[in-house]
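Q: Listed below, chain by chain, are the residues.
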Amino acid sequence: MKRRIALLISVMVALGAGVAAPANAAPVTLTVWSYGNVFQTKLLNAYKAANPTVTIKIKKSDMDSNHQNLRNALRTNSVPDIAALEVSYIGEFRNYDAYFKDLNTMTPSASTIKNDFLGWRWSQGVSPAGKVIGIPTDVGGLAVAYRRDLFAAAGLPTNRTDVAKLWPTWSQFIQTGVNYKKDTGKAFIDTAGTVFAAALNQGTQRYYTSGGSLVYRTNGSVSSAFNVAAQAVTSGNAPGKYDGGIGTKTGQFSSGWGTGLQRGTFAVVLAPAWMLDYIKQQAPRTSGKWDVAKAPGSYGNIGGSQLAIPKNAKNPQAAWDFIRWYLAPAQQLTVFKSYGQFPTIESLYDNSSVTGYKDSFFNNAPIGSIYVASVTGVHNIPTGKKDRIIDTTFGQAISRVMLGKQSSSAAWTQALADIKKSIGQ
Amino acid sequence: MSGKHSSSRRDEKNEEIVSTDNAVTEVKRRRRRKISPFTYVALGVMTFISAFPFYWMFVVASNGSDEISKIPPSLKPGTHFPQMMSAVYEAVPFNRSLLNTFMVAIIIAVSQVFFSSLAGFAFAKMEFPGKKWMLIFVVGTMMLPSQLGVIPMYMMMSKLNWIDNFKALIIPALVSAFGVFWMRQVIDAQIPNELLEAARIDGASVFRIYRSIIVPVVRSSAFVLGLFSFLATWNDFLWPLLVMNSPEKFTVQVAINQLQSSYVIDYALNMGGAFMATAPLLVLFIFVGKRLVAGVMDGAVKG
Amino acid sequence: MSTQAVPGKSQIKFKSSNAPIDKKPRKKIAPMRRQDRWGMLFVSPFFIVFLAFGLIPILFTTYVAFFNWDALGGAPEYIGFANFKELWSDTYFWQALRNTFSIWFISTVPQMTLALGIATLLANPNLRAKVFWRTVLLVPNITSVLAVAIVFQQLFGYDFGMINLAITWLGYHHIDWVGNQLASHIAIATMINWRWFGYNSLIFLASMQAIPRELYESASLDGANRWQQFRYVTIPQLRNTIIFMMIMGTIGGLQVFAEPLLYGGGMTGGDSRQFSTLTLYLFEQAFFNQRYGYGAVIGIAMTVIIIAISVLNYLIGRRIATDGTK
Chain A
1 MKRRIALLIS
11 VMVALGAGVA
21 APANAAPVTL
31 TVWSYGNVFQ
41 TKLLNAYKAA
51 NPTVTIKIKK
61 SDMDSNHQNL
71 RNALRTNSVP
81 DIAALEVSYI
91 GEFRNYDAYF
101 KDLNTMTPSA
111 STIKNDFLGW
121 RWSQGVSPAG
131 KVIGIPTDVG
141 GLAVAYRRDL
151 FAAAGLPTNR
161 TDVAKLWPTW
171 SQFIQTGVNY
181 KKDTGKAFID
191 TAGTVFAAAL
201 NQGTQRYYTS
211 GGSLVYRTNG
221 SVSSAFNVAA
231 QAVTSGNAPG
241 KYDGGIGTKT
251 GQFSSGWGTG
261 LQRGTFAVVL
271 APAWMLDYIK
281 QQAPRTSGKW
291 DVAKAPGSYG
301 NIGGSQLAIP
311 KNAKNPQAAW
321 DFIRWYLAPA
331 QQLTVFKSYG
341 QFPTIESLYD
351 NSSVTGYKDS
361 FFNNAPIGSI
371 YVASVTGVHN
381 IPTGKKDRII
391 DTTFGQAISR
401 VMLGKQSSSA
411 AWTQALADIK
421 KSIGQ
Chain B
426 MSGKHSSSRR
436 DEKNEEIVST
446 DNAVTEVKRR
456 RRRKISPFTY
466 VALGVMTFIS
476 AFPFYWMFVV
486 ASNGSDEISK
496 IPPSLKPGTH
506 FPQMMSAVYE
516 AVPFNRSLLN
526 TFMVAIIIAV
536 SQVFFSSLAG
546 FAFAKMEFPG
556 KKWMLIFVVG
566 TMMLPSQLGV
576 IPMYMMMSKL
586 NWIDNFKALI
596 IPALVSAFGV
606 FWMRQVIDAQ
616 IPNELLEAAR
626 IDGASVFRIY
636 RSIIVPVVRS
646 SAFVLGLFSF
656 LATWNDFLWP
666 LLVMNSPEKF
676 TVQVAINQLQ
686 SSYVIDYALN
696 MGGAFMATAP
706 LLVLFIFVGK
716 RLVAGVMDGA
726 VKG
Chain C
729 MSTQAVPGKS
739 QIKFKSSNAP
749 IDKKPRKKIA
759 PMRRQDRWGM
769 LFVSPFFIVF
779 LAFGLIPILF
789 TTYVAFFNWD
799 ALGGAPEYIG
809 FANFKELWSD
819 TYFWQALRNT
829 FSIWFISTVP
839 QMTLALGIAT
849 LLANPNLRAK
859 VFWRTVLLVP
869 NITSVLAVAI
879 VFQQLFGYDF
889 GMINLAITWL
899 GYHHIDWVGN
909 QLASHIAIAT
919 MINWRWFGYN
929 SLIFLASMQA
939 IPRELYESAS
949 LDGANRWQQF
959 RYVTIPQLRN
969 TIIFMMIMGT
979 IGGLQVFAEP
989 LLYGGGMTGG
999 DSRQFSTLTL
1009 YLFEQAFFNQ
1019 RYGYGAVIGI
1029 AMTVIIIAIS
1039 VLNYLIGRRI
1049 ATDGTK
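Residue numbers (this note's numbering), protein chains in the order written: chain A, 1 to 425; chain B, 426 to 728; chain C, 729 to 1054.
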């Protein structure tokens, strides 16, 4: 695979070399602060080949450090030209729009590309005052990746339509898990706590209203998502034991998770589109044994990023040119096909390359159309300044319930108290 | 009186002939102190404990990511190492980062040793106004966690235009409170005042005293201080990650951090990068190690 | 020449050679007294750089402790001692304090003893392959902390970690090395010990090499065996180094940060803060919750604690007399 990429790049460079560079183009260096897989090397090289005067320097940090360093830098003149903002932090940064360029005022204005993008994903990058501070990159969507062979061994259906019928709601999802665990003695899902974010993102509101008021305490969707998760992490336990409910006790993405994937210690993973690539990387030998079905509630989302330009950026125009190129339909299609990250360009959802896309690793599941369906139903959920803190606090509360350290109601009460202590309200 | 060198001569039976300062030289036949096998066994265990995780990193790096998940874990190296290496080189300008880190670390180490020994000498053996409070202040500042300092430091570096410039790494690190504290303690313990008195009476200048008396005696400790300073710079991660933006200017820890992906860790790649970051240093130590032993032995001979 | 009676061994007199060691009865005369200006000159390069850069974190931290500030928000809001009062009744702070001490104790005590022991083994001039042993001991310290955390996470993993595999193979039950408080402390302390024991033994070694050989020879002439030589020559001679190491060990140990952060993968030190340490809690408050003022107060509290413990260390260490009595 790597050799093919290298070949492709050299072909593109050869082609690019034949194209004359624009006259009088001054050399520009773009500084980019990012994390994880936001930028794909193949595309970066293609841009460089087509724009030889532009040098792109990317600095990757871990997710939290990326945003914390950005926060430190925004008050100075030493900011990157492009900053990648993850969805859990976008609520904070979009409330400080004074520190970013309003992309509506760039040339050409962001309003000219707005209609290309999935509406609710676009809104996540818009400040309360209406300034566009970030353009969406990919969208997670939500489906369920499952192991057909393990389902068959447990007497469950393996056809993805039948499987989706097992769990129209989260309680039925949990019940399926309980039955699976009883019949096979193994865990059903990798980490049961992941249902919290999945369920929560299916509502119309999370922790904030669109006006910016904090409602994490009173919003019924939050408490009900919490209860669903608490149920998931405790149902099906042997009496007196805390085995992780319908899931294992191994943390998602830890080394034990990779091992679990390979050995089939669990049969199901809640899968935003980007998760599929991780499964392929971590357990290549399980190819063909997986399939993808609709998730409970049938639509949902986990994850995603926006690309923003800090106000004091040294090369805002060049940065904007690059962002528009990188997030244009053609490039998003390439990213989808090579890396599995689902595009945010709505017009692509009718594109046969997307709707017809199948992956043999997942038993030729029509991944494109599954995720199209899952993303178009998602509501425009308002994001707020302290989303990340609240997310993390609830996550820990669910973990405590899973380990038997607290009952669900005690954990909820403590979570509320912890959040209040951290954010003051 | 400080002792003169005691010379050790060996006779044919390879036993030490020890002479003391006394006018009458006594030849003492002492049995050469035998090393018990216990020593080597204990050191062997220490070696295993120290080296095993490093070896394990190599095993994972050379076997491909899914090997780390085998039960029981495989302990034999595999064949994927060259492949993994080229993946690392593709992701970051790795050799360049090794060079960068080495350069920065050496400059900082030399500077810290030099300035620390000067200041340590002053604190240990000289009097000047405010000395006591200065020393307490210096030691006290080591006790304040420095994490919050990142914020004003970044602002300062930004105003000085040192962001993405090696100056931001080197200049704030030119001196070390730890180094001053240690050098002061070493000089205080190992250099008797009488020696300095005698030299002063002989008319030696302060610099002469520094060069001819202080430096040779504290050489081994200074060397160790330099080594530790080097290591601290080599391992430093949070600050270089914040202030350096260009991949060709990354230090080695920042470089291997670029190998991480969003959530899941590609174990072979990360372990490989970490291994590649450690191995050159190890090789360097083997070469420098002889010097280390020699330097330390000098300190041992001087009584 | 002074001779001292060794308790319990009234027949053996321990001779010590004088001057370099025996400083106590004499008033110390600064030998460079007339050259004060040299003193200031020698110290000045250090202070210039230090005042320019080292002082800034201190000034900033002290300043921001009295304010409410969240970086991007706007002007800091003066709140006087409110942060300090809040800290006093903050159960998470006290929990972080207890965790820090627990980890520190589990890591420092065995580590220093081990380091001293290894240094003794290495100090023997007849030891073969000296360079090899010294190099190997530094391997843990030159390995990147990130990689170490990954390796140890794998070692201590619940389902598939090597240690739990060994434990279950022996017939016992899995230990939750992350969720269980004490187990998590042991795991983190192991990481720290592994990283630093070689480093510390080299510091001891450097100081041991400076002990004059005559002292050992005199002692062995007097009939002292290896253990007695260790106790009555090595330890007293190393007194300053031991004090130094205890203080540095305190400062380092109470500020432990990277290990719990990387081990747990988050800033809270586990779902119940079971391994939240003081510095980690500071970091969480300042950078994750964006309460920089509160983080600063935690920093100040830590400084006070560390100073107190260091003074305690110094007083304890001083009881190791330099002339061999105890």
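Quick caveat, the hints were computed from the structure, so don't treat them as lab data. Just so you know, not all the hints are guaranteed correct.
As the list claims (entries may be wrong) - Which stretches of chain B does chain A cover? Using the computed rule of at least three CB atoms under 8 Å from a CB of chain A, they are:
id, segment
1, 579–592
2, 645–653
Said to hold, decoys possible - Computed cross-link-like contacts, SDA-like style, restricted to lysine to any residue with a CA-CA straight-line distance of at most 25 Å:
id, chain 1, residue 1, chain 2, residue 2
3, A, Lys420, C, Leu800
4, C, Lys858, B, Asn670
5, A, Lys311, B, Ala657
6, A, Lys420, C, Lys858
7, A, Lys405, C, Lys858
8, A, Lys114, A, Gln331
9, B, Lys501, B, Leu524
10, A, Lys280, A, Ser235
11, B, Lys674, A, Thr29
12, A, Lys314, B, Asn670
13, A, Lys420, A, Asp391
Stated by the list, open to error - Coverage of chain A stretches by chain C, computed from C-beta distances (three or more under 8 Å per stretch; other residues unrestricted):
id, segment
14, 70–81
15, 241–250
Since the model is a prediction, treat every value here as computed from it, not as a measurement. The beta-carbon is built from N, C-alpha and C at its ideal position, and this holds for glycine as well.
Q: State for each hint whether it applies.
A: Hint check:
{"no.": "1", "hint": "579–592", "in the structure": "holds (count 7)"}
{"no.": "2", "hint": "645–653", "in the structure": "violated (count 0)"}
{"no.": "3", "hint": "A:Lys420 - C:Leu800", "in the structure": "holds, 20 Å"}
{"no.": "4", "hint": "C:Lys858 - B:Asn670", "in the structure": "violated, 41 Å"}
{"no.": "5", "hint": "A:Lys311 - B:Ala657", "in the structure": "violated, 35 Å"}
{"no.": "6", "hint": "A:Lys420 - C:Lys858", "in the structure": "violated, 58 Å"}
{"no.": "7", "hint": "A:Lys405 - C:Lys858", "in the structure": "violated, 51 Å"}
{"no.": "8", "hint": "A:Lys114 - A:Gln331", "in the structure": "holds, 16 Å"}
{"no.": "9", "hint": "B:Lys501 - B:Leu524", "in the structure": "violated, 31 Å"}
{"no.": "10", "hint": "A:Lys280 - A:Ser235", "in the structure": "violated, 29 Å"}
{"no.": "11", "hint": "B:Lys674 - A:Thr29", "in the structure": "holds, 14 Å"}
{"no.": "12", "hint": "A:Lys314 - B:Asn670", "in the structure": "holds, 14 Å"}
{"no.": "13", "hint": "A:Lys420 - A:Asp391", "in the structure": "holds, 13 Å"}
{"no.": "14", "hint": "70–81", "in the structure": "holds (count 4)"}
{"no.": "15", "hint": "241–250", "in the structure": "holds (count 3)"}
Checked against the numbered hints listed earlier, the structure breaks hints 2, 4, 5, 6, 7, 9 and 10; every other hint is satisfied.
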